[in-house]
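Chains as they are written, first to last, in this note's numbering: chain E, 1 to 575; chain Z, 1001 to 1081.
In short, the hints are calculated from the structure, not lab data. It should be emphasised that the depicted structure is a prediction, and the values quoted were computed from it without experimental measurement. Treat each hint with caution, since some may be false.
Here are the simulated EDC-like cross-link-like pairs (lysine to aspartate or glutamate), alpha carbons at most 16 Å apart as the crow flies [what the hints assert, rightly or not]:
hint, chain 1, residue 1, chain 2, residue 2
1, E, K433, E, D446
2, E, K333, E, E410
3, E, K408, E, E327
4, Z, K1073, E, D446
5, Z, K1073, E, D487
Simulated DEER-style distance windows between Cβ atoms [claimed, not checked]:
hint, chain 1, residue 1, chain 2, residue 2, range
6, Z, R1005, E, A29, 39 to 49 Å
7, Z, L1050, E, V26, 20 to 30 Å
8, Z, I1007, E, E140, 39 to 49 Å
Over the 10 Å line for every Cβ pair with chain Z, so calculated as not near, a few chain E residues [what the hints assert, rightly or not]:
hint, residue
9, Q169
10, A180
11, R334
12, A377
13, L500
Built from N, CA and C at the ideal position, the CB exists for glycine as well.
One letter stands for each residue in the lines below.
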Amino acid sequence: MTEIVIPPGAALWAGALILPLLRRRVRAAAFVFFSLASLALVFALPDGARCDVRFLDQTLILCRADALSRLFGIIFAFIAAAGGLYALHLRDTGQQCAALLYAGGALGAVYAGDFFTFFVCWEAMAAASTFLVWAARNREARRAGFRYLLYHLFGGGLLLLGIFFLGAQNGGGLEISAFAPGSSAAAWLILLGVAVNAAVVPLHTWLPDAYPRATVTGAVFLSAFTTKAAVYALARMFPGWDVLIWAGVAMTLYGVVYAVLSDDIRGILAYHIVSQVGFMVAGVGLGTEMGLNGATAHAFSHILYKALLFMAAGLVLHTTGRRNLSELGGLGKRQPAALILYMIAAFSISGVPFFNGFISKSITVSAAGEAGRQAAALLMLLASVGTFLSVGLKLPVFTWFSRDRGLKPERAPWNMYLAMGVTAAVCILHGIKPGLLYRWLPYAADYHPYSRVHLSETVQLLVLTLAAFWMCRRLLEPHAGTVLDFDWFFRRPAAFFRFLFVDTTGRFFDGTARASLAAVRGLAALSRNPYPAPARGGVEAGYAQDRHRPSTRTLVSIILAVFSVLAALALLAVR
Amino acid sequence: MTIVRTILRAALATALAGLVFLSLAFQIFHPPGESRHVSWWESIPGFFALFGFIGCLALIALALGLGRAFLRKNARYYDDD
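Produce the entire structure from the sequences given, and follow the hints as far as they go.
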């Protein structure tokens, strides 16, 4: 009997089609149902399951299940459900459909067995996620959404070019497999395309630009899918590429430095996505079993705690209407539950023992140490210090403590707290029972994070970071403003380029159109009646028969003149 | 209320300092074993405490220095274009 294999993303894409047909008030609940259905499909797929489809002269592998795709499948489907629960109060069908398409694209990409399917899912993610930014429906979001889309179209273009090269190189074969380090131009192009989505510095600016401007609920989905689907792609295609180690380490530090300067709470979290994805990119670059386990485990943990962080920040934005640290403060007494749930995520991202980030980050840093990359390991530890500084200390201190600005937050919907509670519970569960995560990792894991040596080191690192923060807390007072990033290189000269290529070209075309129209009008009038033009220095539109018709003697004179000239020419020709 | 807060703050600081001293004592009396893969810094007792403290100050100095030098601009920097 042939086993039917259904790609898990299909449940979410089917949901996006069905959702608008349902009654308005059940759509939000249906969103959670479709997400849970995709989670069930993930668990139903055994290792090695495939779904091949003939398309033109290609065999498309719509679904190919193994340990790596299952790990990402589980967490993508779970976070889609948790995000759906968080957005249960939402009555915005466009946003719900976009989120389902987005999550379906991410699941499709991690199960795709060929580059064509992968590319289609990849671009579906880019298009759908843009709507989650635009759904905020304000000028800032519209502009940031366009920049986001342009970046992803650029990345998609590189990816497609790489796929064309690969197809030409392999005689049309497009099955996804790991590339040998530095193997071909096709591999480099695909790597660059994936690097855009992984927010590798300096191709990262779409992330801190767009995520803080997305909707409260949309940002939760955004934080989970795009960068982690890219981490999956890197782990699948580029394990052991040395360049990724240093690209990853640079990301870890770049993100934490910018987070210190950011004022927007979701901006701080966005820069910490860059930083945390850096750990995963470096883990993939190591290419060892432990490195890849660390990268994938950290992606799994990161999706959970980062979604929880965005949920808590979104709750603050939803209830107060304020998004900047410089406008917040003193919310702790009025939102104690939000504070506690936020701190669970903050402790997780900071690598505090008994929270999931402690496990996954430790595996990655230890993998670097064991691979003999001591400098990389040390720099990643420094980035961990920066993470605790910004997300674990600065953000909560200036949002929930510090100066009480007398804010009176609205009551948040119960479903927001429930979604945060469920996500927080999983963060703690994986922190105290790492084995639950280990069994889903791509390679057998034998790592013991709770050794006394490791606990001692972590305690020292975190407590002394706290001490340094306490000493410098006045210096870290938030300031409103813009922090320049690599997007300066295209945003600042944008006005000049707009003048050169848009305004100047537009003026040229307008001028040409006006001149052509004037010429046509003049010629039309002239052909109707050419007499008044030389006489009056202008063209007269009306034609008066008595006034303008030439006299008979004039016509006879012209005819005689023409015949005389023709006769003279004929005589000359005969001679 | 202020007294309660002061007492809580002092208790927390003491507990954290106690944890650091305990970890330091552990590192001094139980150096990392030969069998474990050890980086050079893991053999130095208190290295992580120093690294956390100095690293944090260095990151703050670097970020604020870059911010003051050229990264920080007013909120309408791009909107003025």
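Next on the checklist: Against the 16 Å threshold, does the CA-CA distance of K1073 of chain Z and D487 of chain E hold or violate the hint?
Outcome noted: 14 Å, holds
Checklist entry - In this structure, is the beta-carbon distance linking I1007 of chain Z and E140 of chain E contained in 39 to 49 Å? => result 45 Å, holds
Item to check | A377 of chain E remote from chain Z - nearest C-beta pair above 10 Å | outcome: 7 Å, violated
Checklist entry - For A180 of chain E, which was marked as not at the interface, is the minimum beta-carbon distance to chain Z over 10 Å? => result 27 Å, holds
Checklist entry - Keeping to a limit of 16 Å between CA atoms, is the pair of K408 of chain E and E327 of chain E held or broken? => result Distance ~13 Å between K408 of chain E and E327 of chain E Cα, so the pair holds.
Item to check | Verdict on L500 of chain E as a residue remote from chain Z, using beta-carbon distances over 10 Å | outcome: About 14 Å separates L500 of chain E from the closest Cβ of chain Z, which puts it past 10 Å; holds.
Item to check | Given pair status - D446 of chain E, K433 of chain E, alpha carbons within 16 Å | outcome: 13 Å, holds
Next on the checklist: Can you confirm whether the C-alpha distance between K1073 of chain Z and D446 of chain E stays at or below 16 Å?
Outcome noted: Violated - the C-alpha atoms of D446 of chain E and K1073 of chain Z are around 49 Å apart, more than 16 Å.
Next on the checklist: Quick check on a hinted range of 20 to 30 Å for L1050 of chain Z and V26 of chain E, using CB atoms only.
Outcome noted: 58 Å, violated
Item to check | Agreement of K333 of chain E and E410 of chain E with the hint, judged by alpha carbon distance not exceeding 16 Å | outcome: 13 Å, holds
Item to check | Nearest-CB test (10 Å) between chain Z and R334 of chain E | outcome: 16 Å, holds
Item to check | Q169 of chain E remote from chain Z - nearest C-beta pair above 10 Å | outcome: Holds, because the least Cβ-Cβ distance between Q169 of chain E and chain Z comes to about 40 Å, which exceeds 10 Å.
In summary, the structure is inconsistent with hints 4, 7, 12 from the numbered list given earlier, while agreeing with the others.
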